[in-house]
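There are 4 protein chains.
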Amino acid sequence: MEYNGVPIDDTYAEAFPAWISRVIITAATKDFARAAAVEATGFATSTIGCPCEAGIEEYLPGERTPDGRPGYAILICNPSKKRLKEQLIERIGECILTAPTTAAFNGMPDAEEKIPVKLHFFGDKYEHEVRVGDRACWAIPIMEGDFVVEEEYGAVKGVAGGNFFVMGENQMAALMGAKAAVDAISDLPGVITPFPGGIVASGSKVGSRYKFMNASTNEAYCPTLREKVPESKVPENVGALYEIVIDGVDEAAVRKAMAVGIRAAAMIPGVVFLSAGNFGGTLGPVTIHLKDLF
Amino acid sequence: MEYNGVPIDDTYAEAFPAWISRVIITAATKDFARAAAVEATGFATSTIGCPCEAGIEEYLPGERTPDGRPGYAILICNPSKKRLKEQLIERIGECILTAPTTAAFNGMPDAEEKIPVKLHFFGDKYEHEVRVGDRACWAIPIMEGDFVVEEEYGAVKGVAGGNFFVMGENQMAALMGAKAAVDAISDLPGVITPFPGGIVASGSKVGSRYKFMNASTNEAYCPTLREKVPESKVPENVGALYEIVIDGVDEAAVRKAMAVGIRAAAMIPGVVFLSAGNFGGTLGPVTIHLKDLF
Amino acid sequence: MEYNGVPIDDTYAEAFPAWISRVIITAATKDFARAAAVEATGFATSTIGCPCEAGIEEYLPGERTPDGRPGYAILICNPSKKRLKEQLIERIGECILTAPTTAAFNGMPDAEEKIPVKLHFFGDKYEHEVRVGDRACWAIPIMEGDFVVEEEYGAVKGVAGGNFFVMGENQMAALMGAKAAVDAISDLPGVITPFPGGIVASGSKVGSRYKFMNASTNEAYCPTLREKVPESKVPENVGALYEIVIDGVDEAAVRKAMAVGIRAAAMIPGVVFLSAGNFGGTLGPVTIHLKDLF
Amino acid sequence: MEYNGVPIDDTYAEAFPAWISRVIITAATKDFARAAAVEATGFATSTIGCPCEAGIEEYLPGERTPDGRPGYAILICNPSKKRLKEQLIERIGECILTAPTTAAFNGMPDAEEKIPVKLHFFGDKYEHEVRVGDRACWAIPIMEGDFVVEEEYGAVKGVAGGNFFVMGENQMAALMGAKAAVDAISDLPGVITPFPGGIVASGSKVGSRYKFMNASTNEAYCPTLREKVPESKVPENVGALYEIVIDGVDEAAVRKAMAVGIRAAAMIPGVVFLSAGNFGGTLGPVTIHLKDLF
Chain A
1 MEYNGVPIDD TYAEAFPAWI SRVIITAATK DFARAAAVEA TGFATSTIGC
51 PCEAGIEEYL PGERTPDGRP GYAILICNPS KKRLKEQLIE RIGECILTAP
101 TTAAFNGMPD AEEKIPVKLH FFGDKYEHEV RVGDRACWAI PIMEGDFVVE
151 EEYGAVKGVA GGNFFVMGEN QMAALMGAKA AVDAISDLPG VITPFPGGIV
201 ASGSKVGSRY KFMNASTNEA YCPTLREKVP ESKVPENVGA LYEIVIDGVD
251 EAAVRKAMAV GIRAAAMIPG VVFLSAGNFG GTLGPVTIHL KDLF
Chain B
1 MEYNGVPIDD TYAEAFPAWI SRVIITAATK DFARAAAVEA TGFATSTIGC
51 PCEAGIEEYL PGERTPDGRP GYAILICNPS KKRLKEQLIE RIGECILTAP
101 TTAAFNGMPD AEEKIPVKLH FFGDKYEHEV RVGDRACWAI PIMEGDFVVE
151 EEYGAVKGVA GGNFFVMGEN QMAALMGAKA AVDAISDLPG VITPFPGGIV
201 ASGSKVGSRY KFMNASTNEA YCPTLREKVP ESKVPENVGA LYEIVIDGVD
251 EAAVRKAMAV GIRAAAMIPG VVFLSAGNFG GTLGPVTIHL KDLF
Chain C
1 MEYNGVPIDD TYAEAFPAWI SRVIITAATK DFARAAAVEA TGFATSTIGC
51 PCEAGIEEYL PGERTPDGRP GYAILICNPS KKRLKEQLIE RIGECILTAP
101 TTAAFNGMPD AEEKIPVKLH FFGDKYEHEV RVGDRACWAI PIMEGDFVVE
151 EEYGAVKGVA GGNFFVMGEN QMAALMGAKA AVDAISDLPG VITPFPGGIV
201 ASGSKVGSRY KFMNASTNEA YCPTLREKVP ESKVPENVGA LYEIVIDGVD
251 EAAVRKAMAV GIRAAAMIPG VVFLSAGNFG GTLGPVTIHL KDLF
Chain D
1 MEYNGVPIDD TYAEAFPAWI SRVIITAATK DFARAAAVEA TGFATSTIGC
51 PCEAGIEEYL PGERTPDGRP GYAILICNPS KKRLKEQLIE RIGECILTAP
101 TTAAFNGMPD AEEKIPVKLH FFGDKYEHEV RVGDRACWAI PIMEGDFVVE
151 EEYGAVKGVA GGNFFVMGEN QMAALMGAKA AVDAISDLPG VITPFPGGIV
201 ASGSKVGSRY KFMNASTNEA YCPTLREKVP ESKVPENVGA LYEIVIDGVD
251 EAAVRKAMAV GIRAAAMIPG VVFLSAGNFG GTLGPVTIHL KDLF
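Protein chains in written order, with the working numbering: chain A, 1 to 294; chain B, 1 to 294; chain C, 1 to 294; chain D, 1 to 294.
In short, the hints are calculated from the structure, not lab data.
You may find that some hints are simply not true.
Copies of the same chain look alike in the list, so a pair counts if it fits in one copy or across any two.
What the hints assert, rightly or not - With a cut-off of at most 30 Å between alpha-carbon atoms, the simulated DSS-like pairs for lysine-lysine come out as follows: (1) Lys-85 - Lys-205; (2) Lys-211 - Lys-291; (3) Lys-205 - Lys-82; (4) Lys-82 - Lys-233; (5) Lys-256 - Lys-205; (6) Lys-125 - Lys-82; (7) Lys-114 - Lys-291.
Input sequences plus hints: build the corresponding full structure.
So this is what it looks like as structure tokens:
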């Protein structure tokens, strides 16, 4: 199979279930909403070393937000519901409550699972209930005025670790292919690409030759080791590769993002191969075959 | 005392010592360096709820970086040296190693205290030593090529919690005063303003009327509670206020940032009072009187 | 009439017909498309002193562009069709053809009026015809490869000079109200706000007490002259005001943008009055009464 | 000669004298200063089709501006002093006067040549003189308050058309090499790179096989024509190239920018050749040999 003349590997991405919540951050202006969203989704590339995975899902014009102000939807993701709750509390409390002119709303009001964040206790009994449209919210007095926040946040069992590889004849072709993919995915609802700028430069495998390490570089995907390791998966004509990792609210959203991202990458000159990562089925129950995407 | 006609309170900011490290992130282009710096300094507003405080210190043109590429210096800060080490490991490992085209260098090579990060073990014995100028570094094979990283990062005992309040006749005047202050401070070396966009919209006090809360809103600084609490510190002519919190590599850097920020805020029309936050000397040994700054 | 408690003046905006074309700029990535769009729409605030009015209409994801790459739609506007043609030629030739990885497409394929740009002659007989979807285009060999461009650009008789005033109790409230309005309008199709950042800080009137000047400051709308001119239109409680000027593909688009912008401005604390500008019906045949917008 | 292993052509750039002025734009915040600077330097890539060449020279922190607020220095350039004057008047009048919170100052106070802009006549006799530091300025009442502007702007005989070519093994390598060069040059005082994002994707030659065209694509530098034209200057191993064009306040600034830009481009993997453009000495008296730069 190929797209725009670029061969697509006959393989699959292996992903796994994870809990995911959406927070809608609104503010006086787009820039202030974005500053809060960026802070609230930082240090959140991979649950291997970060306390969660998070990213900006999409910009929401005022007509799509509860309070009519411009906003951003962010997604926060963790395999553990308990850790997701912790992270919702800390990230709303430390990165949105503290940010100028913001409010925070439940972005999944219809989800059956509700995570109690209960930030209003910060109000020290000075808080009071307010309605924003049909939502019951709290207004907490703070230095800039009143911070409006919802008490509970819906959560769904989504999919984390959707992925594909963009391989280029040299580093810059692969990089711009990856960037084009991220640009395209950023327009889609229901998904995030949690790594820096949406792009992963280093892949890992479970285990290491150093006994004290749980994970280490995945030598099979290292171009500079192609001649040094027995079973390199870096094709002859590939100088560098990048991975795009996708977390989404459901498998359909992840599949759509993979398809859109792969097509966008294939349009960049110098991108010569597209593949995906899996661990032979040992990691997760969700398998997404590239050939089924198109 | 006043500046540009704006009265400056006769009070002091109370700050405290904290360990602080600088990481220099370089990349192929300014944008890619910035993407990594933003991710690596996210979720890092306050150690009350975040695992560290962090921010972008300054942009470094290629002539000021170890490898001649454009970069950003970031500061990572924690009262505990042990937690600082943990955060250096996680943030370099999860947010810089994984980011496209980046390298990570020790930004405090002359500091006596050295924090061993030892990210090279990720290389699974495929890593090798390289020199970048006069620095001994590791090259770790990854998907995009080789990631270059230094092994140890200097740390100094700096100052966290430097602060001042920008008070405006209404919310937007206070907000733009705060923003002007952050703009001015962002040009200074040795300091960061770790909150979202550099600005704090909500202050806190120790304790709460809810027994299970350790911290809560500081009602004395809430404009909407001025008539409801006995000893409000919000002046009659103030409609809203913001705090700027500053962490720096030493007290001199924090003092300089406070002076520069206060002057910048005072130039915004509608800013009517400038003050600072302290806890009567109970929080920290560093006291910075506003009147000594000018 | 009022919105969100802010009074809306019982007056109308006076606008006038103008020719308007849309160019779709695509590129390898969103950033490169934007760089071209920004250059191509610069120096284009008002036809009083600029050769045209222009602005970015909206971002277009790949699925909405002719070649499947990310892009921006820009609008270029001039009362004179001849000058519009000149500006299309120069701005596509100097600012899009020269920009990395871009292509330029006719954004109004269904318009009856066609403006021949014929950039392909730049190809010096090395150009060749290509099809992009169902569009006949030219491929012009250049340094980076081939530049793809359409030959003709549709134009419609649209409306220029739609406007409203955002008045605040001080400068920063008015400014942020104006910015919120621009944010909201930027999400709408068919319109641009051509001034810097979308906001006008200085209004003008026809004529001057200096005989050699055709236009001059509109003293009736200057807050610092309120006590010095006989018929100031600056209300007592207003410290500053800004104007939002809107050009659109038809009157309906301009009306919608005015309504959306006014509502957004009214949500910013400290915005205390909303009005619009007219010249007593002497400027243009299009009159848009604010009371009819809601 | 080579740098970082990349061969540098034994050739020279041909440039020519041009008049150049610097305007310092300050504003309440960095963002508002930048919005005005971007508008004022748009549609200004080449005097072949634009009314001038212009760009942002550098960001200026408050301590380096006349009024202590953050700002940007822009350069405006034209071979004709008369056209430079016209463009200063229009760009300051239409793009800075109209932009929120800005002021405009003479960025070359020591230049012998003074260009009278005299924007204060816009004030319709309501303007008044003010001092900003040691500068005599005008305050013009406008909608947001008073606009402060200097009357005269220094101009010097600078150098336009400094240039070099970045050639890559494919398009993305060349493009990122060009971007790295622009990043590096953007940190230098006294120069601008006036094309979109600083990069030129299409070169031109004088004349055409179409009699009515004065300029056309330079087929010798078109990779897709390498096999079709007799004397292609595109090396065998080059898939695409970009040009960086530099205007500067003097030849030394342009030479420095060329050296810094070439070195930065040479650090991007896949950049394989660096050269420069000339017209055999027919265009301009300034010749800058690449071998003399290092």
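Out of the numbered hints, which ones does the structure contradict? 2, 4, 7
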